[in-house]
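Visitor: So you can see what is in the structure, the chains are spelled out below.
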Amino acid sequence: MKKPALLALADGRVFRGESLGAEGEATGEVVFNTAMTGYQEIMTDPSYKGQIVVMTYPLIGNYGINDEDVESRRPWVEGFVVKEASPTPSSWRGRRTLDEYMREQKIVGIQGIDTRALTRHLRDHGAQEGVISTEELDPERLAAKAQASPGLIARDLVREVTIRAPHGWDEATWDRVRGYREPPAPRFTVVAFDSGIKRNILRQLVSVGCKVTVVPAFTPTAAVLEQKPDGVFLSNGPGDPEGVPYLIEAVRGLLGKVPIFGICLGHQIIGLAAGGRTYKLKFGHHGANHPVKDLAAGKVEITAQNHGFAVDPDSVKARGLELSHVNLNDGTCEGLRHRDLPVFSVQYHPEASPGPHDANYLFHRFADLIERAKGG
Amino acid sequence: MPKRTDIEKILLIGSGPIVIGQACEFDYSGTQACKALREEGFEVVLVNSNPATIMTDPEMADRTYIEPLTPEMVAKVIARERPQALLPTLGGQTGLNLAVALAEDGTLDRYGVELIGAKLPAIKKAEDRELFKEAMQAIGLEVPRSGYAKSLAEAREIVRLVGYPVIIRPSFTLGGTGGSIAYNPEELEEAIRWGLQTSPVGTVLVEESVIGWKEFELEVMRDLKDNVVIICSIENFDPMGVHTGDSITVAPAQTLTDKEYQLMRDAAIAIIREIGVETGGSNIQFAVNPENGRLVVIEMNPRVSRSSALASKATGFPIAKIAAKLAVGYTLDEIRNDITRETPASFEPTIDYCVVKFPRWAFEKFPEADQTLTTQMKSVGEAMAIGRTFKEALQKAIRSLEQDRWGLTLDKPLGDLEELRAKLRIPNAERVFVIAEAYRRGMATQEIYALTRIDPWFLENIKEIVQFETEIQSAGLAEPAVLRKAKQMGFSDRRIGELCGTSELEVRKIRLGQGIRATFKMVDTCAAEFVAHTPYLYSTYEEEDEAPRTERPKVVILGSGPNRIGQGIEFDYCCVHAAFALKELGVEAIMVNCNPETVSTDYDTSDRLYFEPLTLEDVLNIVEKEQPLGVIVQFGGQTPLKLAVPLQKAGVPLLGTSSDAIDRAEDRERFSALLTGLGVAQAPCGIAHSLEEAQGIATAIGYPVLVRPSYVLGGRAMEIVYDEEDLSRYMREAVRVSPDHPILVDKFLEDSIEIDVDAIADGERVVVGGVMEHIEKAGIHSGDSACALPPYSLGDDQVERLKAQTKALARELGVIGLINIQFALKNEQIFVLEVNPRASRTIPFVSKAIGVPLAKLATKVMLGRTLAELGFTEEREIAHIAVKEAVFPFVKFPGVDVVLGPEMKSTGEVMGIDRDFRKAYVKSQLSAGSPLPTSGKVFLSVKNRDKRAVVQIAKRLAEMGFNLVATPGTAKVLTRHGMSVEVIHKVAEGWRPNIVDLMKRGEIALLFNTPEDGRARKDSYLIRRTAVTQNVPYYTTVDGAQAAIGGIESLLKSELEVQSLQEYHARP
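So the protein sequences, as listed, match chains P and W.
Taking my numbering, the leading residue of the first sequence gets 1, the next gets one more, and so forth.
Taking my numbering, the leading residue of the second sequence gets 1, the next gets one more, and so forth.
This is chain P alone, in the form it adopts within the complex (with noise of 0.2 Å):
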């Protein structure tokens, strides 16, 4: 028999359940993810950060863990939760077993629990602070620590995942036989922010022909501006926007300046830099099968997300964002586009890793965006 684990809420809920991966204690905002597959991506998605994942579908582990399909240097969940993981993997890429790869990564887990039960019990009562343990086996003490855990409200994780020095990229899109592509020659210069940004961001940037420089996230206007980019994005990343003022003000600064693309977090901080507001949401969105409605063409497209907060898009209708995408479930605010200024961003993820690729074509907005700012 596995070792027992515990999993404790901050509101007092409890679940018990045996050790996955290393052994130890784990802090986090607990949040759920209703993607079936891609956990692999999910667990190295630097948005994570400051987060433990409980995974709604049962079955986590089944093709193992390979060399490929990382999001970045390493996993950045703080803990992760699932209903079983397979002991033995299956598939032609696969090197090791999720509890063999968690081990080395030191991720605490917990598996064997009613991951549904938990879900509803998020759905209901909103993402919160939670412990998994292998050591605190008492319900009440551990849930006190969750309840004493500081949650993401105004907290800079960013700090925690971002580069310390600037650098280059140039792997492309990833496919069955020749793996990560050689990109494409380029045909104008980017500047990255990396707020904890996804590789496959920087692939799709590459595949459409930029030559991508990632930088800090707290690199300062000036810094990028000299550079003298033809385009800028703004990555995804972990916790509350408003945790990192520094990024704002040099988003701030950019506006108006050169094209900017931004993601995620980077949709989130266009939105403050403008003068808008964003809220926390009850439980985020963290899946593959958001439904999101491009407006001005009208049409659907399904996508990946995660995220836990929102931009209010009547904050920033006056300052010139108007909205270009709306989430279908509930209407929340999936897009922004400035009516005069080289500026557009999306709540979800175009990238995919884990999802679907319905949404790839706003790389090539950027790309188009950055031709018509160049030529004109």
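Certain hints may be false.
To be verified - Within a straight-line C-alpha distance of at most 35 Å, the following computed DSBU-like cross-link-like pairs (lysine-lysine) qualify:
#, chain 1, residue 1, chain 2, residue 2
1, P, Lys374, W, Lys225
2, P, Lys299, W, Lys133
3, W, Lys485, P, Lys2
Claimed, not checked - If we take Cβ atoms under 8 Å as the criterion, some of the chain P residues that face chain W in the derived model are:
#, residue
4, Thr37
5, Pro58
6, Tyr63
7, Ser90
8, Trp92
9, Arg120
10, Gln147
11, Ser149
12, Lys299
13, His357
Stated by the list, open to error - Chain P residues, not near chain W, derived (Cβ > 12 Å throughout):
#, residue
14, Glu160
15, Lys257
16, Gly355
Keep in mind the hints are simulated off the structure, nothing from the lab.
Every residue, glycine too, gets a C-beta built ideally from N, C-alpha and C.
Keeping the supplied structure of chain P fixed, place chain W upon it in accordance with the hints.
Guide: Chain W in isolation, oriented as in the chain P frame:
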């Protein structure tokens, strides 16, 4: 886009009788479509020849035509109804082929009918393999390398390029009919011959084998704005080489990384766009090389399919309903998700459980058939199970099959390792159980994988189950942690009992004592992200039960489980009516069933749906939770009936006729006493517990006798034996007789007329629903014989006597609900053969024929209403006549004889309805795929006893201008009566051309062959088999032949007309 306003009337075509490859799923899809379109205010005209469907209920459409599904007949419906549009994608391959035929022959243009959903070019592009291949290449997708052949020489040329093994796929056939695999030149020759024969256009695709690759399916939906969503991914447990209908399948896909899954998703979206299916659901199959992930496209169904039904049930997303709405102009984002109510249908369902579908085969009915699983589908039904893990879902699926198997156990012991390896290597119905056995014998996953090519992930899960069996054995029942884990892995109480040497109920008692009870979770399309409003539930052993019982009065209806021969859609029809009736009474209807094809498992049908196995354990879990007023066991066939006594013992109230009455009808001795008490005659009979006893009884009552095991449905192992030698053989080969399993021996009433009567009773009043006279004489299972309602040859006084006996029996038994009685009429004497105080297979047929929903009324009666209150106090007199004909799966089973007998072999039924019996019969034959010719050569070959009858038949044929062909014996008799006959050789005589040659040359238009009984039958076997493969209409009984001739006579006088049920049933 809002719905279209330029169309008002839409024609829907159903899929006809239940056959292998086309079952209840198209009743489910058609019914959903009817409801969806009428909800939107469209007038719906429906054509379907299958009376056992919910979709052909007169309330479902504005005009319902139970007419043959041929282009000519549907054209007549179009001419009469003038619909503006035809929705071709919801009636299976039959509906789609008909739509194509009507488009191509100009009918649709002539009447200005628009194809909606999928246009002709899209259908052709998807269905024509050559066009499909070109389309795939155009969008950069790979398909297996292949070529088209119209001859063996062409096929050999292709094989030279792609190499063995190759897959042979005939164009335009259903369920893979005629498909096969060839590993060498000899097999190629046979495969090509067979394939060319079955393809209506005489072409086959010869294709690079991807046998052993992983097989996947995606269910795709598209709207007129080009929004595309994937509803469900399905991974086949059995790799390529086994038809997906014969594969265990799992949803969602289990072993694809997101990168690989998304490439498949991209491919599916590109395919539906390239093929140009405008709206609705399509099914796309892929193969993936497990070594390197290479993805090839196998095929696309540009219509709702069996897998769509499965995907709908697996996710809660109603594909057919949404497809219908998309076809009339809505876009996905304009349609609401019924389950969440707040979110739109333009999303991709995500699930938080695992679904396993397990096929159910009927090889016991066709012992001569090759049981190897290939690219041609052979299963007759399927069960689906939902669990939180694959292990749990698999084990639930196994017990859902109702094959007296409670875990991963073998039916009969296997021999040495060599036999075991062969059973692993060659796909067969037992394979998953053999895998478990292999693990028990210590075989490694690697070796099992090498033999089966089943993905190791699935194999390892089976291994975990097998290993846990040992743990259960050693822990016994004392260890709650082990017991809980066992339940979480899906072990049934019965299997745990087997392992621990105790009974199912003892295990139940102990685990309930330990607080281990089933919890119920919802199927909600969204993994609990949103609140669900439709209680569609499955059981599992988790922490939280999320479906508290309501305070309303409620009734549980037990469904009929997977389709099988003898128990199919007819019983599902009755269960659905029970749910409708309960809703009308304001009682909460709770449905329990595990067949994903059915209307009963639509979350719309009942107030609460439990998608669960129909075993005592699983039903008790539900009943204990719901505390219903009672349980209905009358409607689901043998499945719930078997549970009646154990449920009652467990204190569960049963509604309707008492189980004591059921026992009086089923227990032979009590039954005889009942009949004697009423002064009703019964064929002499006895019960034998040994061969000697059987011989004694047979000698006493006189041969021929009808022998069968007690308690069977569908005439399993039932035979007529003519002498003592025959009886010994039967007792030796067909059954295992023992004191616990006695054999029933009845005097066989040769040449008697059989009659079925269905009636309804409320405890006091009995009203006869219908009296059906069988076309074939006694000796053919009632499910296999054609019958007419009202009787076509009986006198009024005879019918009155039958009704009087029915009423007396129903009253004596205190029937509350339905009763079916089978009678035989011999020399003016009426014998009672069987009394079934429950819904019979003929209930939907009778209901359609007389225009009264008997099952619905019966449900209300069971809940205490009287027939007087319900306004059904008198038998319905009808001015028309309805003929039911059975449909057989012989074409799928090479090597199986087609002669009918007391064991049921048909999979489905059709109905012909007209004001003239002969026309109704012609329609029934046409619907059953046997169009009667009006000219040509008729071949006659009859057994000695029928020689007299054949003279009359031949005379009438000759008078109608048919040419007669006969074998020497029959020819001699006919010549003696002054007819000119062409004499043809029997096959056994060795001379050519023989009769089979003539048939293959297409020279025979009609065939009458009544074979000798017993061993002599083999001589004429090839003739009958050829009739099946060559699609020559054939009759193997004199009665059938006579009815056919009457039909031909009427056809020569005037052509067939169509009329809707609503018109037939209009009351002045």
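Visitor: All the hints need checking, so say for each whether the structure fits it.
Guide: Now the hints, each set against the structure:
Between P:Lys374 and W:Lys225, the direct Cα distance comes to roughly 34 Å. Compliance with the 35 Å bound is thereby established for this hinted pair. As the CA atoms of P:Lys299 and W:Lys133 are separated by approximately 29 Å, the hinted pair is consistent with the 35 Å bound. Restraint check for W:Lys485 and P:Lys2: satisfied, since their Cα atoms lie roughly 13 Å apart, inside the 35 Å limit. Of the supplied interface hints, the one on P:Thr37 holds, with its beta-carbon coming within about 4 Å of a beta-carbon of chain W, less than 8 Å.
Checking P:Pro58 against chain W: minimum C-beta separation of about 5 Å stays under 8 Å; hint holds. Interface hint at P:Tyr63: satisfied, since its Cβ lies 5 Å from the closest Cβ of chain W, which is below the 8 Å cut-off. Restraint check, P:Ser90 versus chain W: the minimum CB separation of about 4 Å is within 8 Å; hint holds. Interface restraint check for P:Trp92: the shortest CB-CB distance to chain W comes to about 6 Å, inside 8 Å, so the restraint holds.
Because the closest C-beta pair between P:Arg120 and chain W is about 5 Å apart, less than 8 Å, the hint holds. The criterion of a C-beta within 8 Å of any C-beta in chain W is not met by P:Gln147, whose closest approach is roughly 22 Å, and the hint is violated. The criterion of a C-beta within 8 Å of any C-beta in chain W is not met by P:Ser149, whose closest approach is roughly 24 Å, and the hint is violated. Contact between P:Lys299 and chain W, as hinted, is supported at the beta carbon level, the nearest pair being about 6 Å apart and thus within 8 Å.
The interface hint given for P:His357 holds, since its Cβ lies 6 Å from the closest Cβ of chain W, which is under the 8 Å cut-off. Interface exclusion of P:Glu160 from chain W stands, the closest Cβ pair being 26 Å apart, more than 12 Å. Non-interface call for P:Lys257 relative to chain W: holds, since the shortest CB-CB distance, roughly 36 Å, exceeds 12 Å. The beta carbon of P:Gly355 sits about 7 Å from the closest Cβ of chain W, which is not more than 12 Å, so the claim that it is off the interface is violated.
When held up to the earlier numbered hints, the structure conflicts with 10, 11, 16 and fits the remainder.
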